[in-house]
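K.L.:
Protein chains in written order, with my numbering: chain L, 78 to 493; chain B, 78 to 493; chain X, 22 to 180; chain D, 22 to 180.
Bear in mind the hints are in silico, worked out from the structure with no lab data behind them.
A few of these clues could be false.
[Said to hold, decoys possible] Simulated crosslink set (EDC-like; lysine to aspartate or glutamate; CA at most 16 Å straight-line):
{"#": "1", "chain 1": "D", "residue 1": "Lys148", "chain 2": "B", "residue 2": "Asp138"}
{"#": "2", "chain 1": "D", "residue 1": "Lys154", "chain 2": "D", "residue 2": "Asp89"}
{"#": "3", "chain 1": "X", "residue 1": "Lys154", "chain 2": "X", "residue 2": "Glu117"}
{"#": "4", "chain 1": "X", "residue 1": "Lys154", "chain 2": "X", "residue 2": "Asp89"}
{"#": "5", "chain 1": "X", "residue 1": "Lys164", "chain 2": "X", "residue 2": "Glu112"}
{"#": "6", "chain 1": "D", "residue 1": "Lys164", "chain 2": "D", "residue 2": "Glu71"}
{"#": "7", "chain 1": "X", "residue 1": "Lys148", "chain 2": "L", "residue 2": "Glu141"}
{"#": "8", "chain 1": "X", "residue 1": "Lys177", "chain 2": "X", "residue 2": "Asp79"}
{"#": "9", "chain 1": "X", "residue 1": "Lys154", "chain 2": "X", "residue 2": "Glu122"}
{"#": "10", "chain 1": "D", "residue 1": "Lys148", "chain 2": "D", "residue 2": "Glu122"}
{"#": "11", "chain 1": "X", "residue 1": "Lys148", "chain 2": "X", "residue 2": "Glu131"}
{"#": "12", "chain 1": "D", "residue 1": "Lys148", "chain 2": "B", "residue 2": "Glu141"}
{"#": "13", "chain 1": "D", "residue 1": "Lys164", "chain 2": "D", "residue 2": "Glu112"}
{"#": "14", "chain 1": "D", "residue 1": "Lys154", "chain 2": "B", "residue 2": "Glu141"}
{"#": "15", "chain 1": "X", "residue 1": "Lys164", "chain 2": "X", "residue 2": "Glu117"}
{"#": "16", "chain 1": "X", "residue 1": "Lys154", "chain 2": "X", "residue 2": "Glu69"}
{"#": "17", "chain 1": "X", "residue 1": "Lys148", "chain 2": "L", "residue 2": "Asp138"}
{"#": "18", "chain 1": "X", "residue 1": "Lys154", "chain 2": "L", "residue 2": "Glu141"}
As the structure is a computational prediction, the values presented were derived from the model and not from experiment.
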Amino acid sequence: MFARLRGDFPILDARVGQSPLSYLDSGATSQKPQCVIDTFIEYFQQRNAAVHRGAHSLAVDATEAFENGRIAVAELVGGAPEQVCWTKNATEALNIVAMGIDRASRGFGGQAAERFVLGPEDSIVVTEMEHHANLVPWQQLAASTGAQLRWLPVTETGELDLSSLETIVDDSTKVLAFTHVSNVLGTINPVERLVARAREVGAYVVLDACQSVPHMPVDFTDLDVDFAAFSAHKALGPTGLGVLWGRTELLDALPPVLTGGSMITTVTMEGAQFMPAPQRFEAGTQPVAEVAAFATAIGYLAEVGLEQIFDHERELAGILLDGIAEIPGIRVLGTAENRIGTVAFDVDGVHAHDVGQYLDGQGVAVRVGHHCAQPLHRRFGVTASTRASTYLYNNAEDCQRFLTALAEVRPFFRVQ
Amino acid sequence: MFARLRGDFPILDARVGQSPLSYLDSGATSQKPQCVIDTFIEYFQQRNAAVHRGAHSLAVDATEAFENGRIAVAELVGGAPEQVCWTKNATEALNIVAMGIDRASRGFGGQAAERFVLGPEDSIVVTEMEHHANLVPWQQLAASTGAQLRWLPVTETGELDLSSLETIVDDSTKVLAFTHVSNVLGTINPVERLVARAREVGAYVVLDACQSVPHMPVDFTDLDVDFAAFSAHKALGPTGLGVLWGRTELLDALPPVLTGGSMITTVTMEGAQFMPAPQRFEAGTQPVAEVAAFATAIGYLAEVGLEQIFDHERELAGILLDGIAEIPGIRVLGTAENRIGTVAFDVDGVHAHDVGQYLDGQGVAVRVGHHCAQPLHRRFGVTASTRASTYLYNNAEDCQRFLTALAEVRPFFRVQ
Amino acid sequence: MSTPMEQLYQQVILDQSRARIGNTDLLRDSAQAPHGSSHQVNPTCGDEIELETELLDDDHLAVRWTGDGCSISMASASVLSELAAENSVAEMLQIESAFHELMHSRGTMEADEGILGDAAAFTGVSKFPARIKCALLSWMAFKDALNQAQAAREEKHHA
Amino acid sequence: MSTPMEQLYQQVILDQSRARIGNTDLLRDSAQAPHGSSHQVNPTCGDEIELETELLDDDHLAVRWTGDGCSISMASASVLSELAAENSVAEMLQIESAFHELMHSRGTMEADEGILGDAAAFTGVSKFPARIKCALLSWMAFKDALNQAQAAREEKHHA
Ligand SMILES: Cc1ncc(COP(=O)(O)O)c(C=O)c1O
Ligand SMILES: Cc1ncc(COP(=O)(O)O)c(C=O)c1O
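Could you put together the complete structure from these sequences and hints?
P.N.:
Listed below in structure tokens is the structure:
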């Protein structure tokens with residue numbers, strides 16, 4: 078099946094200079110199957126209209142496409158369709174939670190929002206492996222409320238160091254925000270253990286699911302998290318769309334951040350009342366075509382099977398790790414057993430930018446830089462790394478072409 | 078030319094039940110020419126990648142498409158490409174300004190942001206004809222900072238009542254936010270007069286350009302506003318994309334709202350430094366395909382000519398207004414001379430929902446409801462209205478079909 | 022064959038939307054019997070209804086409402102009030118649930134006129150997703166208000 | 022014919038990226054002559070450079086820098102330092118502007134080796150938009166630091 082589905086992704090036929098393309102940058106953004114592209118065409122050619130606002134037939138069609146998207150997401154990650162709020166990306170979703178808590182702490186949202194109030198005696202806990210999207214918003218919240226920002230450190234093998242979990246997450250902790258899977262190390266974190274500790278101290282759990290939802294079966298209800306965020310573009314969907322998932326009573330109580338049309342019940346010149354979730358977080362015209370396209374992407378993922386995708390990528394991860402081990406002068410960042418097909422590494426004597434450039438010259442697309450995780454790179458003593466990340470459309474040949482090119486890097490730059 | 082370009086919009090061939098479609102709801106969202114749809118296809122089939130982060134060739138192509146979008150917008154509305162910040166919609170753009178001022182008022186953004194600090198002795202001025210997107214964020218800012226919210230009233234003819242401009246906008250006024258064109262009344266507001274008064278008292282001017290940019294030539298530099306906002310989807314572009322335009326030194330000083338990846342320079346576990354505009358407002362993965370598609374839309378608009386589009390729609394507005402005047406029992410909301418092709422009205426004895434439903438039955442798509450302007454509707458003593466709004470692809474036949482159907486409404490509902 | 026417009030706007034609906042049965046001043050706290058009231062808004066169009074339910078005895082109730090809206094929502098409130106006058110509390114709950122089901126049937130269901138009475142005339146509405154909310158607005162208010170009235174009665178019993 | 026990789030990574034660049042001319046401790050405020058310093062970061066990869074310019078006399082300057090980055094950015098800082106030792110202030114400004122123009126030429130320009138010297142080896146970089154920033158990082162720092170140094174000299178003259 079995996080051999081066949083490559084044909085569904087037109088971009089994989091592209092050539093880079095003389096070379097065929099081996100796209101190993103799905104951790105940044107995934108490619109799209111033709112059916113997702115077709116949904117865009119169909120939407121704009123046949124049903125484009127503003128949703129939720131009109132009686133006319135196009136608007137009804139568009140609204141249906143839009144609301145069906147929520148159903149598709151709920152089928153993918155669990156929960157009810159009303160628990161699915163559309164955002165522009167995962168970053169906005171995480172900000173909505175952090176900024177909603179900030180607003181609650183400043184008296185917005187009335188009594189219902191009191192549960193979210195943070196102050197100087199409280200703490201927020203993140204981890205040292207967070208993407209900036211799940212770090213900077215919490216720094217801002219800490220700065221605004223006076224709450225203390227703490228973090229769980231990362232071990233040499235690229236796993237969370239939970240030896241001090243009980244002292245870092247303590248009775249002062251009101252929010253525990255962490256990533257399900259590291260976008261650099263590929264490590265899958267022990268959600269159950271962390272959620273259990275959060276429950277002991279009564280902290281809300283915010284899960285960054287950007288790197289898990291596209292690559293493995295995930296059910297937020299089973300994981301028992303309070304909020305979760307991910308982006309459509311990393312899961313075969315379009316750019317411009319993310320998801321904030323939450324427990325209904327929490328979403329309904331959280332003060333909205335962006336305000337405007339379609340999220341209000343009554344507006345006078347003096348003030349406004351807000352709708353319950355999901356609409357309260359969906360101010361203004363929404364990315365409707367993108368939602369329709371994402372629903373198609375979810376259908377595609379479901380047909381292939383997330384379990385199967387996970388196994389397929391594990392296999393590719395094995396090829397990558399075994400192959401890299403044979404090339405001298407490469408240090409892999411993160412060697413956890415429990416992982417996805419994302420492998421970041423440092424090439425002794427050659428800067429990541431130069432590594433990436435050389436690989437690109439051979440048609441191998443990887444990512445270089447800090448991958449929006451500067452503190453994690455600092456932890457490993459580097460400012461930048463090179464990252465190869467797989468997805469369902471990659472095959473052993475992609476890995477082989479990557480390994481062949483990687484072996485040439487140090488000789489090309491005359492390092493031994 | 079206008080007769081010919083209809084063929085560029087595939088959706089206009091759709092049928093509603095037995096009837097051909099007359100789409101008179103472009104005030105809510107516009108339809109897309111095939112070239113814009115094609116750009117999506119081309120982007121996802123040939124150059125999709127994360128921007129600004131990688132050395133590989135696809136990422137370079139994607140980045141180029143993304144940055145060329147800024148150039149296209151700057152050519153459309155004036156200013157330099159760096160003055161163009163991408164948002165999810167106009168609503169987010171307006172919120173960024175209001176919430177940035179809120180953050181400045183709470184000490185974020187350091188000395189550079191002091192110019193934005195608001196307090197209880199200050200006032201914010203809006204108008205009674207604002208879309209909720211340009212009203213509710215300012216209410217929230219007023220509630221947060223203690224500043225007073227004031228507004229310019231609307232006359233019976235649907236124009237701004239400027240008789241008390243000098244007392245409403247006074248030395249306490251720090252922000253004057255108003256719409257260039259009313260999305261309900263179609264009225265074009267006297268920007269020059271309002272900007273002049275704002276300059277006298279040293280207030281920042283925020284222009285809601287959602288209904289002007291798609292329909293007439295607009296140059297924000299000539300208009301001398303400080304910030305402006307509009308959405309791609311109302312200007313032949315895709316959903317999921319808006320623009321915040323601003324004066325560079327103001328954008329660089331305004332504290333960012335959403336934080337995360339791609340908008341920072343240095344991040345440690347303890348804190349983060351932000352990039353200058355436009356990146357400081359573009360946290361996380363951006364709507365890149367949408368930007369590429371919007372650049373195509375702007376090219377299309379430029380080719381037709383905004384001046385020509387304006388004249389064409391004025392002609393249609395004339396047909397609509399003259400025709401409605403002959404139908405008994407219809408009250409037009411807003412009869413300003415200086416207007417675009419947007420006409421809202423109340424049908425005596427028939428609720429707007431029923432009017433819209435009947436017109437839809439005849440293939441005429443219009444909008445019903447409060448059009449996200451509840452206070453304005455209250456001003457005219459109604460809770461809802463019916464709105465017909467034109468765009469470059471509409472023709473006299475659309476208007477005629479609308480008028481014929483409208484004349485049948487009161488008889489159908491047995492009102493005389 | 023009737024047009025979709027005529028199926029939607031049945032004569033009953035046009036008549037009831039003008040009749041507005043039950044559209045009278047609310048009693049609010051001056052009501053004698055256990056009562057409840059509910060305010061519902063359709064955020065799309067700003068249509069609103071405030072509806073009051075009074076439990077006259079264990080089996081009967083009175084409904085009053087004020088509000089403003091389209092013909093579907095006004096007719097629906099009117100029919101609801103008419104039915105409330107003719108049916109027991111238990112029957113009204115049955116009607117409410119049958120009506121709810123009918124509205125979400127997307128035009129695939131035959132209305133049971135025996136249960137629904139005049140409310141069967143709304144069958145055509147279920148084919149118009151944007152209008153279902155209009156038809157349900159008063160019924161949502163009714164269910165909410167009735168819950169409150171029943172809670173008030175419980176309290177009285179226990180006091 | 023050389024491959025695009027070989028055009029990008031000229032021998033001069035590989036050599037200079039290892040030579041790192043001018044990469045020494047900064048003097049900071051212990052510098053004698055009018056001086057300025059600038060810290061530039063490439064936010065994409067976290068590469069950074071801190072570069073100091075000292076105006077030895079009206080015509081000559083010294084450049085020192087610390088930093089970490091890819092071979093393009095390190096080679097560029099190295100070549101810059103080498104050129105600074107061999108050229109006058111006016112010449113350096115001319116080189117800076119020629120280099121800036123070359124980098125934005127998208128590979129359509131012939132480098133003027135007479136002006137640019139070893140910096141001409143970066144011609145291939147202009148075909149790689151993602152790497153232009155790397156090549157310009159030290160030059161941005163240089164321009165900024167030189168401005169400061171000149172301002173400091175002005176102040177001294179007027180004091
Ligand atoms: C005048 C005006 N302002 C603001 C908006 C909000 O735009 P968007 O919904 O695209 O954010 C609209 C359109 O809905 C509008 O017409
Ligand atoms: C772990 C993780 N969190 C958050 C993000 C941010 O997602 P987005 O850029 O789509 O907002 C990403 C991807 O960039 C990620 O990998």
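K.L.:
Does Asp89(X) sit within 16 Å of Lys154(X), going by the straight-line distance between their CA atoms?
P.N.:
Measuring from Cα to Cα gives roughly 14 Å; hence the hint holds.
K.L.:
Is the straight-line distance between the alpha-carbon of Lys148(D) and that of Glu141(B) 16 Å or less?
P.N.:
holds, 13 Å
K.L.:
Given the hint that Lys148(D) pairs with Asp138(B), does the C-alpha gap stay at or below 16 Å?
P.N.:
Holds - the C-alpha atoms of Asp138(B) and Lys148(D) are around 12 Å apart, at most 16 Å.
K.L.:
Compare the distance between the alpha carbons of Lys154(X) and Glu141(L) with 16 Å, and conclude whether the hinted pair is satisfied.
P.N.:
Roughly 14 Å separates the two Cα atoms, so the pair holds.
K.L.:
So if I understand the rule, the pair passes when the alpha-carbon distance is 16 Å or less; does Lys177(X) with Asp79(X) pass?
P.N.:
holds, 13 Å
K.L.:
Mind checking the alpha carbons of Lys154(X) and Glu69(X) for me, to see if they're no more than 16 Å apart?
P.N.:
holds, 11 Å
K.L.:
Could you grab the alpha-carbon distance between Lys148(X) and Glu141(L) and see if it respects the 16 Å cut-off?
P.N.:
holds, 13 Å
K.L.:
Verify the proposed pairing of Lys164(D) with Glu112(D), using a straight-line Cα cut of 16 Å.
P.N.:
At roughly 13 Å apart (the allowed maximum being 16 Å), Glu112(D) and Lys164(D) satisfy the hint.
K.L.:
Quick one, are Lys164(X) and Glu112(X) close enough, alpha carbons at most 16 Å?
P.N.:
Holds: Lys164(X) and Glu112(X) sit about 13 Å apart, inside 16 Å.
K.L.:
Just to be careful, I want the Cα atoms of Lys154(X) and Glu117(X) compared with a cutoff of 16 Å; is the pair within it?
P.N.:
holds, 14 Å
K.L.:
Would the pair Lys148(X) and Glu131(X) pass a check requiring their Cα atoms to be no farther apart than 16 Å?
P.N.:
At roughly 12 Å apart (the allowed maximum being 16 Å), Glu131(X) and Lys148(X) satisfy the hint.
K.L.:
Given the hinted pair Lys164(D) and Glu71(D), is their alpha-carbon gap at most 16 Å?
P.N.:
At roughly 12 Å apart (the allowed maximum being 16 Å), Glu71(D) and Lys164(D) satisfy the hint.
Of the numbered hints listed earlier, not one is contradicted by the structure.
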